[in-house]
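Assemble the whole structure, with the sequences as input and the hints as a guide.
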Amino acid sequence: MFTALHLAIIAPFLAAVFVPLLYKKIPSIHTGWFVLIVPAILFVYFLQYIPTTSEEGAVSAVFPWIPSLGIHFRAYVDGLGLLFTLLITGIGALVVLYSIYYLSKKRESLHTFYTFLLMFMGAMLGVVLSDNMIVLYLFWEVTSVSSFLLISYWYEREKSLYGALKSMLITVLGGFSMLVGFVLLYSITGTFSIQETIAATSETASHNLFLPAMLAILLGAFTKSAQFPFHIWLPDAMEAPTPVSAYLHSATMVKAGIYLIARLTPVFAVSGEWLWIVAGFGITTLFWGSFSAVRQTDLKGILAYSTVSQLGMIISMLGVGAAALHFDGANGNNVFIGATTAALFHLFNHATFKGSLFMMVGIVDHETGTRDIRNLGGLMTIMPITFTIAAIGSFSMAGLPPFNGFLSKELFFTSMVNITEFQQFNMDTIGMVFPAVAWIASVFTFIYSMIVVFKTFTGPLQKEKLDTKPHEAPFGMLLAPIVLVSLVIVIGFFPNVLSYTIIAPAMASILSPLLEQGQQFEVDIYFWHGFGTPLKMTIGVVIAGILLYLGMKKWKGVYRLFPEKLSFNNLYDQTLDKGEVLSQKIMGAHMNGFIRNYLVYIFAFIAAFLLITMFYKGAFTIDVSDTAPITIYESILFLVLFAAVGVMMFTTSRLTMIIGLGVAGYTVAMFFVIFRAPDLALTQLIIETVSVALFLLCFYHLPQIAKNLEPIRFKAVNFIISAAVGITVTLIGISAGSSRMFESISGFFKDYSYKEAGGRNMVNVILVDFRGFDTMLEILVLGIAAAGIFTMIRLRLAGRDEL
Numbered sequence: 001m002f003t004a005l006h007l008a009i010i011a012p013f014l015a016a017v018f019v020p021l022l023y024k025k026i027p028s029i030h031t032g033w034f035v036l037i038v039p040a041i042l043f044v045y046f047l048q049y050i051p052t053t054s055e056e057g058a059v060s061a062v063f064p065w066i067p068s069l070g071i072h073f074r075a076y077v078d079g080l081g082l083l084f085t086l087l088i089t090g091i092g093a094l095v096v097l098y099s100i101y102y103l104s105k106k107r108e109s110l111h112t113f114y115t116f117l118l119m120f121m122g123a124m125l126g127v128v129l130s131d132n133m134i135v136l137y138l139f140w141e142v143t144s145v146s147s148f149l150l151i152s153y154w155y156e157r158e159k160s161l162y163g164a165l166k167s168m169l170i171t172v173l174g175g176f177s178m179l180v181g182f183v184l185l186y187s188i189t190g191t192f193s194i195q196e197t198i199a200a201t202s203e204t205a206s207h208n209l210f211l212p213a214m215l216a217i218l219l220g221a222f223t224k225s226a227q228f229p230f231h232i233w234l235p236d237a238m239e240a241p242t243p244v245s246a247y248l249h250s251a252t253m254v255k256a257g258i259y260l261i262a263r264l265t266p267v268f269a270v271s272g273e274w275l276w277i278v279a280g281f282g283i284t285t286l287f288w289g290s291f292s293a294v295r296q297t298d299l300k301g302i303l304a305y306s307t308v309s310q311l312g313m314i315i316s317m318l319g320v321g322a323a324a325l326h327f328d329g330a331n332g333n334n335v336f337i338g339a340t341t342a343a344l345f346h347l348f349n350h351a352t353f354k355g356s357l358f359m360m361v362g363i364v365d366h367e368t369g370t371r372d373i374r375n376l377g378g379l380m381t382i383m384p385i386t387f388t389i390a391a392i393g394s395f396s397m398a399g400l401p402p403f404n405g406f407l408s409k410e411l412f413f414t415s416m417v418n419i420t421e422f423q424q425f426n427m428d429t430i431g432m433v434f435p436a437v438a439w440i441a442s443v444f445t446f447i448y449s450m451i452v453v454f455k456t457f458t459g460p461l462q463k464e465k466l467d468t469k470p471h472e473a474p475f476g477m478l479l480a481p482i483v484l485v486s487l488v489i490v491i492g493f494f495p496n497v498l499s500y501t502i503i504a505p506a507m508a509s510i511l512s513p514l515l516e517q518g519q520q521f522e523v524d525i526y527f528w529h530g531f532g533t534p535l536k537m538t539i540g541v542v543i544a545g546i547l548l549y550l551g552m553k554k555w556k557g558v559y560r561l562f563p564e565k566l567s568f569n570n571l572y573d574q575t576l577d578k579g580e581v582l583s584q585k586i587m588g589a590h591m592n593g594f595i596r597n598y599l600v601y602i603f604a605f606i607a608a609f610l611l612i613t614m615f616y617k618g619a620f621t622i623d624v625s626d627t628a629p630i631t632i633y634e635s636i637l638f639l640v641l642f643a644a645v646g647v648m649m650f651t652t653s654r655l656t657m658i659i660g661l662g663v664a665g666y667t668v669a670m671f672f673v674i675f676r677a678p679d680l681a682l683t684q685l686i687i688e689t690v691s692v693a694l695f696l697l698c699f700y701h702l703p704q705i706a707k708n709l710e711p712i713r714f715k716a717v718n719f720i721i722s723a724a725v726g727i728t729v730t731l732i733g734i735s736a737g738s739s740r741m742f743e744s745i746s747g748f749f750k751d752y753s754y755k756e757a758g759g760r761n762m763v764n765v766i767l768v769d770f771r772g773f774d775t776m777l778e779i780l781v782l783g784i785a786a787a788g789i790f791t792m793i794r795l796r797l798a799g800r801d802e803l
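With full-length UniProt numbering, the residue at position 496 of the sequence shown is 496, and numbering never jumps.
Any given hint might turn out to be false.
[To be verified] Calculated pairs, BS3-like style, for lysine-lysine (alpha carbon to alpha carbon, straight line, at most 30 Å):
id : residue 1 : residue 2
1  : Lys556    : Lys455
2  : Lys554    : Lys455
3  : Lys25     : Lys105
[Stated by the list, open to error] Ranges of calculated distance between the beta carbons of each label pair, as one might list FRET restraints:
id : residue 1 : residue 2 : range
4  : Ala604    : Glu203    : 40 to 50 Å
5  : Glu203    : Thr3      : 27 to 37 Å
6  : Leu777    : Gly579    : 37 to 47 Å
If you're looking for bench data, these hints aren't it; they were derived computationally from the structure. It should be emphasised that the depicted structure is a prediction, and the values quoted were computed from it without experimental measurement. We put the CB at the ideal spot given by N, CA and C, even for glycine.
What follows is the structure, given as structure tokens:
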């Protein structure tokens, strides 16, 4: 049944319907104030589930949709789903509040912006709260469509359209791959339910389709969460308004892939391939994103690549955490449970500091007119609050104490070091790469974090390079990022506020199906872990980061070793350009504007496909034992029909063709009479009479067909295709009548036509009662066509009168 939980998921969609009305009816009030109510109420509503999930419980509600296919709208709230839900609604409320002051109601089309934003919010809620894979996929693709609309919000800008199309192509293709993976899982387990699939893990792992399903699903997750090499869409998506970047590309949409990996870890973590692929792609993305961020000159570009990097960091920890299933001993298990803890903890931390940083960049752009760090500097004294937000957010992103990013980064280093103790899947040898790459990537993370702060707010003020006179933003625009950086500080000092309420229940959702029955785990996050390897790595990151930051001019030329022609962006552009040229050639070869050619392709394909398939499968069956004998009347009608068709093939007169077509139609009507179907015969006679009259009226004024105008090859192709189609249909008809796999439905109509519909004429009852909607829609289509024709005639006559 439909419950309050279902209503909470679709509430943003319902609210989106009323946004244009509010925008039009109450223009004096910023539309964002009305929209703010939705995520705020949803956030408070979902807080009530914390006690339930804290006890490792879950709440579910099922709304039947397509029972025959096992597709139901089952909303499922557990610890993992609640973590993402609170991020979606909480960050969503702050983003809407920020957008009220960022977007001008005089210059912006606010009703479209908030409609798209609410669509996205509802879609994300559907993704993280849907237990059914098909329903999850539907919401997944809605996030792609709504994000496309949000990124292209400023559609008059070419870069906005380019970034929107790029993000949609990559994420939608990944979504199709994910759908294939879901279907493969269904073929293994017989269910689309994620929880039922997790329960059947022991049967799943040994199946031949297990690895293909895993790879297909991971492709969808990697494209959504911008993992290398699919990361290229995220930087171009920064052309969206800053509230969109703060919401979609730091806290929600890019986390959808992380959610999917975390949710399906109990299904696939039994495989060593899962550990290597997830952790390997994550650590590669971590390095490449941080390395690429340093070379950017646009503040949003820096944050875009930093987001790519941070997402890779989270995914690498989820991959390492999967080793918990394979590690021998409780201590080993606890080590890798720590990696999952770090992933979920950093997921929350990243949303807080990155959301605040995106808002900070929006403020700088809003108040100075530029985001280019080459034109910025000296803003610390002019915009002190914005500087404070930038410093706290950046230092947390760099992993410096006492902020929350330091805690999750220490846990990250711990998990990367401990993975080298794992003696399976060659982790004790090749796995040494993980801590090394993690340390190098963290050095670059430190560098770009310093760039964001010091290149923007320190140094000389370059007023001549700014579009507007810089000044501090209004308090309303500062409020949302202040809330987020406050969380950065509070969670940094009191991390266990989240440990037992949010993090532990989310971990239980992931790890409980993997661990031995009754085995417990604890989440205890604290500052001091001893003077061990992780702390030494942090000190090394700070020292190396400071030295490299100060000496950037000496080594930044290394980026010239990576020419643009060899970049993934260039590969994407070249693929689209060459694909467009190739498609134009293919389309130009067969889409030439001649209907006759289109019919040739269609009929040739149908005949070839059906004939080959049915011969290959041995489906043709000819059994004439139950057929009635052919009478003299049927033989005569056949000869008449054959002669009429022959005349149509060889005549050069259009009128003769039409007459031959009419004779063929009337002959078919006579067959209906002989076969005792007077209704069909009457219908056929009416249709043929009207058709012949109309054709004669239309073609009377056309010239005769020139003799020998059509070459022999032209007629031969027509003959071959016509014969093939005729033979195919005839063989299929005979086979259908010769081999009945099921009892004929005619018996049903015979028994129930009078009993249920009160009619003695079965044909009429079928048309009017049993398929009444079909008949009604056919009449509707004909009515629409008639109205269209009548309108065109009236317009043509009206135009002629004006002349």
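The hints, checked one at a time:
Restraint check for Lys556 and Lys455: the C-alpha separation of about 15 Å stays at or below 30 Å, so the hint holds. Proximity of Lys554 to Lys455 is assessed by CA-CA distance (about 17 Å); at most 30 Å being required, the pair is judged to hold. Between Lys25 and Lys105 the alpha-carbon distance is near 14 Å, which keeps this suggested pair within the 30 Å criterion. A hinted range of 40 to 50 Å for the beta carbons of Ala604 and Glu203 is consistent with their spacing of about 45 Å.
Remark: the range hint 27 to 37 Å for Glu203 to Thr3 is upheld by a beta-carbon distance near 31 Å. Restraint check, Leu777 to Gly579: a C-beta distance of roughly 38 Å satisfies the suggested window 37 to 47 Å.
Hint violations for this structure: none, all hints satisfied.
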